[in-house]
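Participant: Based on the provided sequences and hints, a complete structural model is requested.
Sequences listed follow chains A and B, in order.
When we follow the numbering used here, the leftmost residue of the first sequence carries the number -5, and every step to the right adds one.
When we follow the numbering used here, the leftmost residue of the second sequence carries the number 11, and every step to the right adds one.
It should be emphasised that the hints constitute simulated quantities derived from the structure, not laboratory data.
Cβ atoms here follow ideal geometry from the backbone N, Cα and C, with glycine treated the same way.
Be aware that a few hints might be false.
Distance ranges between label pairs, derived from CB positions [what the hints assert, rightly or not]:
(1) THR183/A <-> ASP67/B: 19 to 29 Å
(2) PRO138/B <-> GLY107/A: 44 to 54 Å
(3) VAL178/A <-> PRO199/B: 43 to 53 Å
(4) ARG220/A <-> SER20/B: 51 to 61 Å
(5) PRO233/B <-> ARG66/A: 47 to 57 Å
(6) GLY132/A <-> ALA30/B: 25 to 35 Å
(7) PRO165/B <-> HIS95/A: 50 to 60 Å
(8) GLY122/A <-> ALA295/B: 36 to 46 Å
(9) PRO51/A <-> PRO92/B: 47 to 57 Å
(10) SER20/B <-> PRO51/A: 18 to 28 Å
(11) PHE154/B <-> VAL65/A: 24 to 34 Å
(12) GLY122/A <-> PRO229/B: 33 to 43 Å
(13) THR69/A <-> SER20/B: 21 to 31 Å
The residues making up each chain are set out below.
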Amino acid sequence: MARRSATRPAVVERQADGSPAPTRRGVLGAGAALGASGLVAPAVGTAQQNSEPADPPPSMLPVRLSLNGEVRALTLDSRTTLLDALREHLKLFGAKKGCDHGQCGACTVLIDGRRINSCLTLAVMHEGQAITSVEGLGSPEHLHPMQAAFLEHDGFQCGYCTPGQICSAVGMLEESRAGWPSLVTADLTAAPALDDAEIRERMSGNICRCAAYPNIRAAIGAVAGRAA
Amino acid sequence: MKAFSYERASSPQGAASAAASHPNAKFIAGGTNLLDLMKVEVETPNHLIDVNRLKLDAITDTPEGGLSVGALVRNSDLAADPRVRNRYGVLSRALLAGASGQLRNKATTGGNLLQRTRCYYFYDVTKPCNKREPGSGCSAIDGFNRIHAVVGASPKCIATHPSDMAVAMLALGASVQTVSPDGSARTIPIAAFHRLPGNTPERDTNLEPGELITSVTLPPPPPGVQVYRKVRDRASYAFAVVSVAAIVDRRGGAITSARLAFGGLAHKPWRVPAAEQALAGAPAATASYNAAADLVLAGARGYGFNDFKIPLTRRTLASVVGEAAQAPPARA
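Facilitator: Here it is in structure tokens:
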């Protein structure tokens, strides 16, 4: 089965014709070039006959993203996830590709202040919305309070999940301030207090394979306490 | 992922008619399940119709005293709505038991109903699966079938429906409103929305091609205590092995009415009216719960790795109904 994937958009950028991967079009183009040089033209026909039915051609779309306060204009294959747009096209490597299936949370960013998995959404779906990645939360000189708290409480070991943890924690605190309940909230009709059990449940969408969870909860709890 | 063309719908009927004019189109709302499946090429639409900008994101009171939930209301917004928390606690709890905070911020009411099964073999394009590729066979029946159905299955498919939200909505007697490509609207009781696999496991629901969910209506909440219990392999962020949505009312030591819906048991959320009738008027006691469980599990069979679901369902039912029957008659 032809495995073309928008998960490799670096390839997109290398293709002169905008196609996303070593596609049939790319193969045919290469074959035609070889044919023109008088070498192996028959290979083109062979490749065509052995292939599966043609996939639809890539659909390239103009996409304007409002990212960390700046509008960025891109031309993207419709398949490009928001995560790939950030990492591969805008060269912002804060949001991480962990599982690419919404299971690990390493790609978490904020859309209009709400945390989402950027791997499970298409960039083109987010025109007109305010996208905040970890790079937009703070800078090395002016850390966001959550970033500072992760440093202070040693809320990481390898650091791979950390940008997602921090974006998720920032979004989670807003949800808590808005009075949203969680699964462990005893009384659905009361505003929940953000204790350790609440933080644990609300952050369950962010996996840390180094298991820095106690320190992550401490960091988040410290920011939540200061904000309360 | 296969390539696809993309359009943004500007009206519900426009979206439905666009779907009708593209034979291999899909609607995309939250996209959290669809894009996951497109990445592994289980879903291969060649056209996506983005319905996110349709104004279907309101929760409004109905004249009957219920709620109308727009199809694009996010799972997190529905769970946090004060009316849902006060009057439909079982729904709020079911939503909060599902997925993660990030996914609930994306996932929509309509999309949650249309989630596809989490059967491992459905996801694995190298294995036969009648749901993914009709006629290719079922790898789960003789395979690793720990998460699979024990009631309502067929020799073609033993997949389960993964939704928590839909289980609570079934207990609440919700209905699903749709618009068709010709502009006509219809209402489908949620009990008739999802299908059993039979000979056509490729069809999860009774929606027609191009039909778009526009809202879900919750009738006024029935009397009683509402409980949602989800049994799973870890405490958070996992699909149900077995789940129970219960609404139980009682007077003194007797149950006066009960509604029970189950997740993780079947190809669709599972509700057995005879079991609820058996509980009505019965004493709040273990014998009553066991008699109800017999009716819920009538004809149940395990396929090896999922045999444990049958006793687990019995025990969970007894625990949940017992908890509801002993709770103060206030709210969930």
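Participant: Decide, hint by hint, whether the structure agrees.
Facilitator: Going through the hints against the structure:
no.: 1; hint: THR183/A <-> ASP67/B: 19 to 29 Å; verdict: holds, 23 Å
no.: 2; hint: PRO138/B <-> GLY107/A: 44 to 54 Å; verdict: holds, 45 Å
no.: 3; hint: VAL178/A <-> PRO199/B: 43 to 53 Å; verdict: violated, 33 Å
no.: 4; hint: ARG220/A <-> SER20/B: 51 to 61 Å; verdict: violated, 45 Å
no.: 5; hint: PRO233/B <-> ARG66/A: 47 to 57 Å; verdict: holds, 55 Å
no.: 6; hint: GLY132/A <-> ALA30/B: 25 to 35 Å; verdict: violated, 49 Å
no.: 7; hint: PRO165/B <-> HIS95/A: 50 to 60 Å; verdict: violated, 31 Å
no.: 8; hint: GLY122/A <-> ALA295/B: 36 to 46 Å; verdict: violated, 58 Å
no.: 9; hint: PRO51/A <-> PRO92/B: 47 to 57 Å; verdict: holds, 49 Å
no.: 10; hint: SER20/B <-> PRO51/A: 18 to 28 Å; verdict: holds, 25 Å
no.: 11; hint: PHE154/B <-> VAL65/A: 24 to 34 Å; verdict: violated, 49 Å
no.: 12; hint: GLY122/A <-> PRO229/B: 33 to 43 Å; verdict: holds, 36 Å
no.: 13; hint: THR69/A <-> SER20/B: 21 to 31 Å; verdict: holds, 23 Å
Violated hints, listed in ascending order, are 3, 4, 6, 7, 8 and 11; each of the other numbered hints is respected by the structure.
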